[in-house]
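J.: Based on the hints, put chains X, Z and L in the right spot on chain P.
Protein chains: 4
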Amino acid sequence: MSQPIRSVGLVAKGGSREAVRSTNELADWLERRDIRVAIEEEVAAAREPGFNGDLYDPVNGYDLVVVLGGDGTLLAAGRAVCPGVPILGVNLGQLGFLTEIARAELYPSLVEILAGRFAVEERSLLEITVVRADEELAFYRVFNDAVIAKSALSRIIELTLKADGGLVTTYRSDGLIISTPTGSTAYNLSAGGPIVNPLLPAVVLTPICPHTFSLRPIVVPDQSRIEVTLETQEAEVYLTLDGQEGTKLRYLDTVRLIRAAKGVHLVRLSGRTFYDNLRGKLRWGG
Amino acid sequence: MSQPIRSVGLVAKGGSREAVRSTNELADWLERRDIRVAIEEEVAAAREPGFNGDLYDPVNGYDLVVVLGGDGTLLAAGRAVCPGVPILGVNLGQLGFLTEIARAELYPSLVEILAGRFAVEERSLLEITVVRADEELAFYRVFNDAVIAKSALSRIIELTLKADGGLVTTYRSDGLIISTPTGSTAYNLSAGGPIVNPLLPAVVLTPICPHTFSLRPIVVPDQSRIEVTLETQEAEVYLTLDGQEGTKLRYLDTVRLIRAAKGVHLVRLSGRTFYDNLRGKLRWGG
Amino acid sequence: MSQPIRSVGLVAKGGSREAVRSTNELADWLERRDIRVAIEEEVAAAREPGFNGDLYDPVNGYDLVVVLGGDGTLLAAGRAVCPGVPILGVNLGQLGFLTEIARAELYPSLVEILAGRFAVEERSLLEITVVRADEELAFYRVFNDAVIAKSALSRIIELTLKADGGLVTTYRSDGLIISTPTGSTAYNLSAGGPIVNPLLPAVVLTPICPHTFSLRPIVVPDQSRIEVTLETQEAEVYLTLDGQEGTKLRYLDTVRLIRAAKGVHLVRLSGRTFYDNLRGKLRWGG
Amino acid sequence: MSQPIRSVGLVAKGGSREAVRSTNELADWLERRDIRVAIEEEVAAAREPGFNGDLYDPVNGYDLVVVLGGDGTLLAAGRAVCPGVPILGVNLGQLGFLTEIARAELYPSLVEILAGRFAVEERSLLEITVVRADEELAFYRVFNDAVIAKSALSRIIELTLKADGGLVTTYRSDGLIISTPTGSTAYNLSAGGPIVNPLLPAVVLTPICPHTFSLRPIVVPDQSRIEVTLETQEAEVYLTLDGQEGTKLRYLDTVRLIRAAKGVHLVRLSGRTFYDNLRGKLRWGG
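Residue numbers (my numbering), protein chains in the order written: chain P, 34 to 319; chain X, 34 to 319; chain Z, 34 to 319; chain L, 34 to 319.
It is worth saying that the hints were derived from the structure and are not from the lab. For each residue, glycine too, the CB sits at the ideal point set by N, CA and C. It is possible that some hints are incorrect.
PhoX-like, lysine-lysine: derived pairs with alpha carbons at most 25 Å apart [claimed, not checked]: (1) X/Lys195 / Z/Lys314; (2) P/Lys295 / P/Lys195; (3) X/Lys314 / Z/Lys195; (4) P/Lys195 / L/Lys314; (5) L/Lys295 / L/Lys195; (6) X/Lys195 / X/Lys295; (7) L/Lys281 / Z/Lys281; (8) X/Lys281 / P/Lys281; (9) Z/Lys281 / Z/Lys195; (10) L/Lys314 / X/Lys314; (11) L/Lys281 / L/Lys195; (12) P/Lys281 / P/Lys195; (13) Z/Lys314 / P/Lys314; (14) L/Lys195 / P/Lys314; (15) Z/Lys195 / Z/Lys295; (16) X/Lys195 / X/Lys281.
A short list of chain X residues far from chain Z (calculated; beta carbon distances all over 12 Å) [to be verified]: (17) Ile146; (18) Thr239; (19) Asp286; (20) Lys295.
Bound-form chain P, shown alone (with noise of 0.2 Å):
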């Protein structure tokens, strides 16, 4: 990465004050070198005597954004950032999957990467389009996955999955879960699901309790045009994306998702591997 470091943006884990506390001194240490730093407004809030810097807007297209806190805002921030920009997560709890320092390495860390010692590792985020009667009603990025499942009350339901245009199948369950090979370790591997390896061009599709036991999980391609219709009449049925959004769907609702044109592009500095990270969060082996 030959282009230098001139500004950088700093997401802090919301309602934490350690996460808000080391943000400020990061933000200090990124000045005292000269380089430009956006705040989120919680983190603005919190500086003395005030604050007259640049507010953290995700549209910007900074050098580098830094996030502290954990897989959950890394999930989030990553979903929301302009493609293409350099993010380091910084965990300050225990070990994430995505997240890849630890709070103690983050200024050594820094010092690598402000000297352009890094490497990205691009990670593939989904599309997803909701159409309602041709209309396109909502458009949603994610990281992790999208699901779409029954609320607790309702009965089973069904949906249609088609690919590139031809039908898959239908599926009787509680829900289906569209994941990235990042999410294939999250709510996918709870369901059943296989762990993908992120390099692959894949998704999988993992129904949720199915009523069919044939109906097992499947990756496709990510270069698939992938739409799952809603066939259920009474159900109350939301898609959620990567966990943390939500919306209710309706009777003939469609959800289209394809490979986002550009991934998030994680910052890598460790020689870690994906299945180093496997081992050590999902105690394989042990």
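T.: Then chains X, Z and L, alone, in the frame of chain P:
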């Protein structure tokens, strides 16, 4: 069964014209044989030239209850019926797990039953109490299952399971299914639980999409006093009963379950075994 | 347990010097208390200056059998022991499902047991007969499980399962595990079967890698007369017992299973429940 | 496909009189169209009045190979065939995953193919090397899967998995299935693995009856250099290839897998998609 049948309660699938017609036809047939018949309001309303007989009340101790509908109708009738009353399920649609005979077999079967030539098979019921702040808030009976599950928009919930006062485990999952053997082939099966022969004095506990892989389905004695406590504060969580009724649970609510002293007495005419039904319904061996 | 303990059989893990040493130490301790002790040949051979006491014979009705080893040693001893003799499992390694106490607790525990302060918990055994051309070819007892499985080089096999004379289903799979509740946490669990509380009078039937998805694990009464017949002609198929013994099966051989009239009587000292063991061994809730 | 078809190799299902008869009939039909035909010995032996044409040799570069049999025959032919030669699978029995047409469609389909009106779909092959004490002991190609599995009488085995030189995990299980996308609907599916669309450059690794619950199926890039080493000393362990060939593995043997540079070129005539086949074969949505 030596006791002669002098009173019969008739239960029809709600909202089904075919069920109403069949039930009234059956009521006439029984009355012609000097048997006192009780019917539901929906059925009575369809009678010409008006009806002044008995209305069906599940707390009455009929000598026999005939249910015309599917497994769902039988589930609801079975939960409510006076303990020990034999119930005959007549399937108006496709083969059910619980309904014993098809529509075409109704009258020949009744001739056998009125002559005392039938067996009964007892199926267990669970009694369920919701306890909030040491008060018994609600009481239910279930024939298939009690399900504690988060709503579509809530995150993973935490449930503590105790048996006979001792800790069993803590679940981090979308929910937990507590199923009778009868219910083991219903929702439990979709969530990965085992099939349990109804002769076993057992209850199945199957988590829905558990976060921890080792939290496998477990089969316990139905004499256990089972208690499930909701340990998550912010989530929207529901208790549903046989997939037909539901109630909202709050933080620290406890759901207590115990086998009902008396179960449902299903009338058995055929030599069809539980395994024969499984093969037919689940396409076993296909 | 009012009957005083006057004779104790000692079983040591085979090939373990630690087990031999601990067993001889224990034999001395018991003899000093005027208790008649029987030891195995391997242990006797290690005694100085030679041994002319009793050799352990499982068919003898000792007042107590003490097993020094792990779950595997206890499995083998439990299968062979005279019905009704209380068995105490002493774990020389890590916590077991079956062994009740650790090495360090041995002598304090024996003081309690000799004073009659202990409980016994009965665990079921299965009796297994291999029938070939109407002749009873071999007879076994198992504590954990009987497994019918194809060899690595054979293709899928077909097994017919009957219960009490009626067809249950036909499996097309790598094999079938027939497990006691005790064995439910062993191989059965790896193959996707449920955990079953040992208090339940049940047997678990779990196919290994079934070809048909609907062939799910099934829990049946242990009073069922279970028969499994090998329907594949060319395959190399084995019956293995508690993972410790094995025999080859031929085309049309039938394996019959029924609960043994008497089970294994495990000595219980602690208040640890089955669920406590599960949490400890399976890292439940971790 | 602009190149005219002048030579065709014919492969018939072994031991099938129907396959032999159909193949000879097809040979005559092709020769009448001045196409040079190569047949197998078993087919040649059935020809009257004796045969002095070409014998089929998979290393020859025919313009087309036609396989008459089922998926098994096509698997074996596909592994052996010269890279890049188009293969047409003709199903003599029930619908296959790999065979493209039914017996009745054979001649109309060939008219299309000879006129150049067909597509080819590349399916990946894996190249497998068994390494013992740094020596390459054996080399294979597989179309569906390579399976490393213990024999029925051995206990659980330990396998170390590496990808591109780095540790992935250590399996304690009955074995491990390494499957192409084509093989994902075969043994992999019985062992709980996901379905993988053949367009994905992926390999599926699915443990057989794993001892550790978190060892879930994993999908990795087929460009990975995968190495599996047998870490158990006493066990009897086999490597099987497409379920059709096998070899014994020893302690510390390593199985290396990599995608073959060229895959199998299946002739495609219908518009049937991979998903259409799944629905037909797996009774999806039924």
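J.: Each hint: holds or not?
T.: Consistency of the hints with the structure:
no.: 1; hint: X/Lys195 / Z/Lys314; result: holds (18 Å)
no.: 2; hint: P/Lys295 / P/Lys195; result: holds (24 Å)
no.: 3; hint: X/Lys314 / Z/Lys195; result: holds (18 Å)
no.: 4; hint: P/Lys195 / L/Lys314; result: holds (18 Å)
no.: 5; hint: L/Lys295 / L/Lys195; result: holds (24 Å)
no.: 6; hint: X/Lys195 / X/Lys295; result: holds (24 Å)
no.: 7; hint: L/Lys281 / Z/Lys281; result: holds (20 Å)
no.: 8; hint: X/Lys281 / P/Lys281; result: holds (20 Å)
no.: 9; hint: Z/Lys281 / Z/Lys195; result: holds (21 Å)
no.: 10; hint: L/Lys314 / X/Lys314; result: holds (19 Å)
no.: 11; hint: L/Lys281 / L/Lys195; result: holds (21 Å)
no.: 12; hint: P/Lys281 / P/Lys195; result: holds (21 Å)
no.: 13; hint: Z/Lys314 / P/Lys314; result: holds (19 Å)
no.: 14; hint: L/Lys195 / P/Lys314; result: holds (18 Å)
no.: 15; hint: Z/Lys195 / Z/Lys295; result: holds (24 Å)
no.: 16; hint: X/Lys195 / X/Lys281; result: holds (21 Å)
no.: 17; hint: Ile146; result: holds (24 Å)
no.: 18; hint: Thr239; result: violated (8 Å)
no.: 19; hint: Asp286; result: holds (20 Å)
no.: 20; hint: Lys295; result: holds (20 Å)
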